[in-house]
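Enquirer: One letter stands for each residue in the lines below.
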Amino acid sequence: MVVGSQLENANPLIYRRSGDRQVTAREEDEDVPDGIDDREIFDLIRSINDPEHPLSLEELNVVEETRVKVNNGEGTVSVEFTPTIPHCSMATLIGLSIKVKLLRSLPERFKVDVHITPGTHTSEHAVNKQLADKERVAAALENSHLLEVVNQCLSARP
Amino acid sequence: MFIGGSRMKDSLTLLNRITAHPDSRCWFLAWNPTGTLLASCGGDKTIRIWGKEEDTWVCKTVLGEGHQRTVRKVAWSPCGNYLASASFDATTCIWMKKTDTFECITTLEGHENEVKSVAWAPSGNLLATCSRDKSVWVWEVDEEEEYECVSVLNSHTQDVKHVVWHPNQELLASASYDDSVKLYREEEDDWVCCATLEGHTSTVWSLAFDQSGERLASCSDDKTVRIWRQLGTEEGKGVSKDDLTWKCVCTLTGYHSRTVYDINWSRLTGSIATACGDDAVRVFEEDPGSDPMQPTFSLTAHMPRAHSQDVNCVAWHPKDAELLASCSDDGDIAFWRYQHSD
Chain A
74 MVVGSQLENA NPLIYRRSGD RQVTAREEDE DVPDGIDDRE IFDLIRSIND PEHPLSLEEL
134 NVVEETRVKV NNGEGTVSVE FTPTIPHCSM ATLIGLSIKV KLLRSLPERF KVDVHITPGT
194 HTSEHAVNKQ LADKERVAAA LENSHLLEVV NQCLSARP
Chain B
8 MFIGGSRMKD SLTLLNRITA HPDSRCWFLA WNPTGTLLAS CGGDKTIRIW GKEEDTWVCK
68 TVLGEGHQRT VRKVAWSPCG NYLASASFDA TTCIWMKKTD TFECITTLEG HENEVKSVAW
128 APSGNLLATC SRDKSVWVWE VDEEEEYECV SVLNSHTQDV KHVVWHPNQE LLASASYDDS
188 VKLYREEEDD WVCCATLEGH TSTVWSLAFD QSGERLASCS DDKTVRIWRQ LGTEEGKGVS
248 KDDLTWKCVC TLTGYHSRTV YDINWSRLTG SIATACGDDA VRVFEEDPGS DPMQPTFSLT
308 AHMPRAHSQD VNCVAWHPKD AELLASCSDD GDIAFWRYQH SD
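Protein sequences appear in the order of chains A and B. The first sequence finishes on residue 231 if you use the working numbering, and the numbering steps up by one all the way, no holes. The second sequence finishes on residue 349 if you use the working numbering, and the numbering steps up by one all the way, no holes.
Excised from the complex, chain B in its bound form (with noise of 0.2 Å):
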């Protein structure tokens, strides 16, 4: 394993450390589409937005009322009107953004018990979310702001962790504690299973497609990222739809010393950011010139005391190809600047 070296030196800097949900875990951060916002959500039940003001990040609304149990993750969607929270009371909220304020305009039932995570399609039109109830569902969204439940896919056998939808596609992505990755997309009018991704061994608990949407990164309690490949795009037209399939085309083992708890890979730069239980972030980058089909990547940072506690999320920020956000169990959100290296 490659660490050290000029390569590593000085590229994470912290920049500001807040204390963003006292007394209580920061259980996920997502930035709005202009980067002029990031959204956290923590064990208090609250869901912060935070907006730059100067050379720190204050809190411009705390939204207390929405959710009466953890608010696990939150996402926003492809305008930026409106931030969907995920929360264990089983419930998903959508607010919609007004001038100064966040208003609960929709509560979406249906889960069986706690509510792990929640996006939005590229469109705007879908929104997804996933439960402790093994089940993924599909929300279609009117013009009339309805939202209305198109489908629940049972493919898991265990706990749902995370959904992510592909970058411009209506292809969607789901982890869990059965180990193992799912993809959907919609067939003749209902969405359905088209690859599962084994490989893992233990709860994958979150993922990331990089900016072509050809690629996913999931991370894992099994202390390994691995990155995922569609065949079929690259050798050539003639494959059809059906036949894509998914393979692990490099498994980044030995530089985590606990669970991964999640992974970002920037849409700018393609850095890719990992969460780790044993409080560090990291950041990989592929090598220069390396083989599609077996790519390597290299440690290019390393914070190994980033956080007090677990880090639960990292996010680039979607403008700044320096920014990075990270948050977590202590309660913190810390901002870091990282320099590319060439």
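With the rest of the complex left out, here is chain A (with noise of 0.2 Å):
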């Protein structure tokens, strides 16, 4: 979508999607709370778009339900993601995505911190300062260009 002619990864690896959630007796009862877990997060960002590829993170495996930690006490979540190759260039752009959704789709109580997976990408922990850095990923969304590129990630495939 962001890039022409020439893919960074041509030929990435392909994962099997996950089958639904499994909606359990205890999460239909209204009387019970029910708190956000891992999988809710997971199924909140699992479809997100390649920039590059027709293919979801969780086709390529940038995202797993593992690497997906809540705290619903706290108001807590972090997510590791896994660039496909070590120098992927649009790792930011992945992260930002992520991060966009999640603060979209959460309430307003929830911290989200998004990080690369340790020891997966050579610029590892500049992507993960700017990602961490709100004033940045604020200006970084007053950006219509780059505000579009990251709503063409989050949107549904037809």
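If you're looking for bench data, these hints aren't it; they were derived computationally from the structure. Be a bit skeptical, because a hint or two may be false.
[To be verified] List time: in silico DSSO-like cross-link candidates among lysine-lysine, alpha-carbon distance up to 30 Å:
1. B:K230 <-> A:K142
2. B:K141 <-> B:K230
3. A:K202 <-> A:K184
4. B:K230 <-> A:K202
5. A:K202 <-> B:K141
[What the hints assert, rightly or not] Chain B regions said to be covered by chain A (calculated; three or more residues, Cβ under 8 Å):
6. 73-81
7. 310-322
Each residue gets a CB set at the ideal place from its N, CA and C atoms; glycine is no exception.
Take each chain as given, in its own frame, and dock them per the hints.
Expert: Written out as structure tokens, the structure reads:
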């Protein structure tokens, strides 16, 4: 979508999508408080589109349920994502898309931290620092071109 | 870490909470020098001026025309007649106070991208701005209210977050995403970086001088506060101006659970307030009789859910020693009464 003729990772490994969430009787009980759990966060981000391929972040194994950590009581969400290649120039954009999706979907009390899976990217520290800087994230999202690209990643595929 | 005990009991009480920038962030607050007006700014591109009426604070004016993007910080001139606003639209506006309103008299342009902070020198003749373009600009104001850039300082290697002037000297400090703090002064008609303060392990978000200007407090994404002291002032007058160095004499660690976005050092009482990404407001005081070269500070107030989201700014009132204002990503301003401990 953002890249023209040259694909950075022309032949990515494709992973199988997970099944739908099993809804339990307890969750359907309106009288029982139902906190947000790891699977719900994963469901919010797994179908985000990769900026380069017509595939979801789940299909590229960029996001995995085991790398999502929620603490409902403390209101914290931590997501690690794994770029498909260690030099991926889209890493910041992918992280930003995950962050924006969660900020838009979750109640405002949640603190959302998005990081690269340790050891999977050459500029891990720089990308993590950029994603953690809410002032730079706010400025980036005022950039209409970048916002459009993020929204493309977040839009449902036809 | 010492928390609790009688020293902290009920020392911060909420006086008022107002929705200042609805559906938006409130990024920063600034009291005018007499404390009659509070300026706020936010993600809704506006600046709002608040004044006290009876027991609450009301919006006197909305300055909505000056900027095309987020207004990140605001600063009053020492005379109180001008307000400067730094915006993500890469400009800084200078507003002149009229009887009931404000007029934008100048727009300072030149930064390549977002302006993050603005500050007036104590004389009112100099203004500093800083930007994501990694530079700090010093502007000179002449009698005709013309602003001229007299220096572009490129010492930082990353986004510059904050600028602040010494309380009574023409010494400027800046804080950056490059984890450092830098100090600048004029030397033979040019501004130069005269000190680099290294120690923080992540972005330095804000700075505050103490009343004397001999000490500087910095706060960071590394969740610590550091107190820096100018050496040479204490050890005697024999030290030349060029030999002044700044040393970290205290690190407050273990108190903040997320990024510390702002710090404010009361000129009236010496109390230090912090604004944190964990939604809390905290106040620290220097322990009586602590060694000036190795001072210790105690947490004297901790308001865990001061706001429903990140706290972005804390500002002590310039005249009322017990009054503290804070603002947040939730768009609110809160006013607190701080009972100074003995």
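Enquirer: Run the structure past the numbered hints and jot down the numbers of the failing ones, going up.
Expert: none
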